[in-house]
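*Asks:* Residue numbers (our numbering), protein chains in the order written: chain A, 3 to 269; chain B, 239 to 439; chain C, 52 to 330.
Accuracy of the hints is not assured; some may be wrong.
[What the hints assert, rightly or not] Covered stretches of chain C (in silico footprint by chain B; criterion: 3 or more residues with CB under 8 Å from a CB of chain B, positions within the stretch not fixed): (1) 217 to 227; (2) 238 to 244.
[Claimed, not checked] From chain B, some residues computed to sit far from chain A (all C-beta separations above 12 Å): (3) Gly247; (4) Thr282; (5) His338; (6) Leu345; (7) Thr437.
[As the list claims (entries may be wrong)] Below, simulated SDA-like cross-link-like pairs (lysine to any residue); rule was C-alpha separation at most 25 Å, straight line: (8) B:Lys280 to C:Ile215; (9) A:Lys22 to C:Gly316; (10) B:Lys280 to A:Ala182.
Rather than coming from a laboratory, the hints here were simulated on the basis of the structure. Backbone N, C-alpha and C fix where the C-beta goes; we use that ideal spot for every residue, glycine too.
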Amino acid sequence: MSEPVLAVSGLDVSFVQYAKGLRTRTVPGITGLDLEVAEGEILAVLGASGSGKTLLAQAILGILPHNARTGGEILFRGSRLTPARRTRVLGREISYIPQSVTSLDPLMPVGAQVRIGLDAAVAERVRRRLFARYDLQDHVAGRYPHQLSGGMLRRVLFATSVRDTVRLVIADEPTPGLHAEAVEEVLRHLRELAVSGVAVLLITHDIRAAVSVARRVAVMREGRLVTMETADAFTGDGAELRHPFARDLWRALPQNQFSPGGTEWHS
Amino acid sequence: MALVIDGLGFAYPGGPPLFHDASFRVEAGSVVGITGPSGTGKSTLGALLAGDIRPRLGGVTVDGAPLPRRAFRPVQLIHQHPERAVNRTWRMSAVLRESHAVPPETLDRLGIKPEWADRRPGELSGGELQRFCIARALHPATRYLVADEMTAMFDAITQAAIWHRLLEIVRERGLGMVVISHESALLDRICDEQVAVETLR
Amino acid sequence: MTTSADRKPRGRRDLLVSLGVVVAVVACVVAGGLLLDPAQMRPSAGAPLSPPSLRHLFGTDHLGRDMFTRTVHGLSLSLAIGVLTAAVSTVISAVLGICAALFGRWVDGLVSWVIDLSIGIPHLIFMVLLAFVVGGGIPGIVLGIALTHWMSLALLVRADVRQIRSAEFMLVSRGLGRSPLFIAWRHVTPLILPQLLVGFVLMFPHVILHEAALTFLGFGFSPQTPAIGILLSEGMPHISSGMWWLAVFPGLTLLLVVLAIARLGDRIRTVLDPATSHG
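All chains, full assembly: derive it from the sequences and hints.
*Replies:* Structure representation (structure tokens):
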């Protein structure tokens, strides 16, 4: 097997905070996390809020809060992601799809936002190609975000993140609050990226989204990787799932047993 | 005995009409789901039902009486983000007291541990906070509950646990309930009937 | 990522240091005011216009009064007026800021109009006018300064409360039948308390300097009162004839007190501001 695009090993993230008075305490965020994402693979990181999944994205992108301490190692295409290297690869080889369309600049036409970070000589040509790829008409380029519908904005968001040179895409909760068709569209775009050889790290708390698009699902809880499951195992009553927590999560879905913690519940 | 929306019309200032001549009713003791894509006014409808914003036309009546403006409202709204629905400088015991003296039995049934009462919101998880918001909404004079994406931010186990416990109390007290959610599987599981928000526009 | 930089938070420690300095300065001034012999402030307590010496640390003035004793008394007067004035001013800011943001368009319009009007009039002229109308003395100075210093803090409070106003817990409180006064007092006040505290401390140096300015110009106190402004205005004519200590020492001590308090205000803000509170 070829070298993974992203390899995280022994990642620790903790926060130094004031407790009472002048005493400080260290609050763990992520403890001993290992995972790898291969070329063309979608790895879903599944966890509730507070499970540490967003910290993982922030640690890779180098945007942790300033009182955070980190340990362990993050390798991108075989070598360490140092701050210097990160400035070189962010936006070119590693790209981030934020949670909400409010991350777009409300005061800049969307076409110009898509051109950010592209070489000036080819920017307009690439912009046209990205617009075509995401089914956006050319005249939309001159519009401002508030003039576009939610669906178009999400496609613009993809267009701002996707570059020919990108090898790793980190998508942070791209689906909550969206109705079924919109979710399906977002997932289709992620799948297309993977097919073109990009490694995708999908961070989500939506089990169905994770299972329908990823090959492997990493389940996080309280800062630890609880289990790595194959997406196929999330089926039926979840008997094929290796870890009881993954089984409980699957069975708690309203379309399965809707059971809080293992027991069947009848309405 | 019903929560009745009759000929309701609403638009944000300068915006297009969001609801036009919308009517539906929620019988006491029934659970009604509101479905629809995001951005189509589901949350606005919830705020209208709870009296947080006032309709331009028509109105909301509760068991025959209009919603009071400056007194306790018998329709209580439970929000999506509990951390925004409590004052972060208050202890949780004060959060509950603002509503009423919640009986220990209710707290226990909602899975609220007694020692959480002394904590502040920042020291509890979202799921734990949401249980407090639910307990607060279960005032003795509450007749209807509106849950606006109440568990959308939580994992499936927390979601199931919260709904399981709340619905038991709702059934016991014969409360009416409006569930706003984009998750159709959840609505299919807990609602007696469903209304698509598009039919109210 | 692999480096684990030591990022120990320092905000609270710095705050304590600043607080220690201010407490020490205030304690010295208060103790000096109580312990120093008032007889030293009478004319002919020493030889007129003698330079600083061990007997007269800050020298003596043209009447032979001990400048050190007068400076310490002047500072304690400044501090007392500062606390009183900054407190009055902060309360005005809080009440008007909250009312403007919470109690409807009509109240907001009125408060905004008063703010615009007060900001429009030049500070010093307004103060002189007020001190004159009230009739001098401590009440004149306190009112004159308090009524000219509340506007910018009131604007900050109003902006803060406008954000809090639409918070979901405010809607919930209203839905539970709570009155606007309950909401203003129980929900809004604790949330703007940090802002008020910072506003109070940062207003303090401002107020002391303006008190000095007013007394320097001759408004407020009788010439024999040992206020810093009066000491400075008395000392000014003597600077050119080489009697530097008359203006330098009172001015310098005033500057040190003001800087220490301003530093404290900045550090309180750093610790209370959510964006920097971990640092």
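*Asks:* For each hint, tell me whether it holds in the structure or not.
*Replies:* Against the structure, the hints:
1. 217 to 227: holds (count 9)
2. 238 to 244: holds (count 3)
3. Gly247: Answer for Gly247 (chain B): holds, closest chain A Cβ roughly 24 Å.
4. Thr282: At about 15 Å from chain A, Thr282 (chain B) clears the 12 Å cut-off, so the statement holds.
5. His338: Nearest chain A Cβ is 26 Å from His338 (chain B), so the label holds.
6. Leu345: The claim stands: Leu345 (chain B) keeps its Cβ more than 12 Å from every Cβ of chain A (closest is about 17 Å).
7. Thr437: holds, 16 Å
8. B:Lys280 to C:Ile215: Holds, at roughly 23 Å.
9. A:Lys22 to C:Gly316: Distance ~21 Å between Lys22 (chain A) and Gly316 (chain C) Cα, so the pair holds.
10. B:Lys280 to A:Ala182: Distance ~16 Å between Lys280 (chain B) and Ala182 (chain A) Cα, so the pair holds.
Violated hints for the displayed structure: none, as all numbered hints are satisfied.
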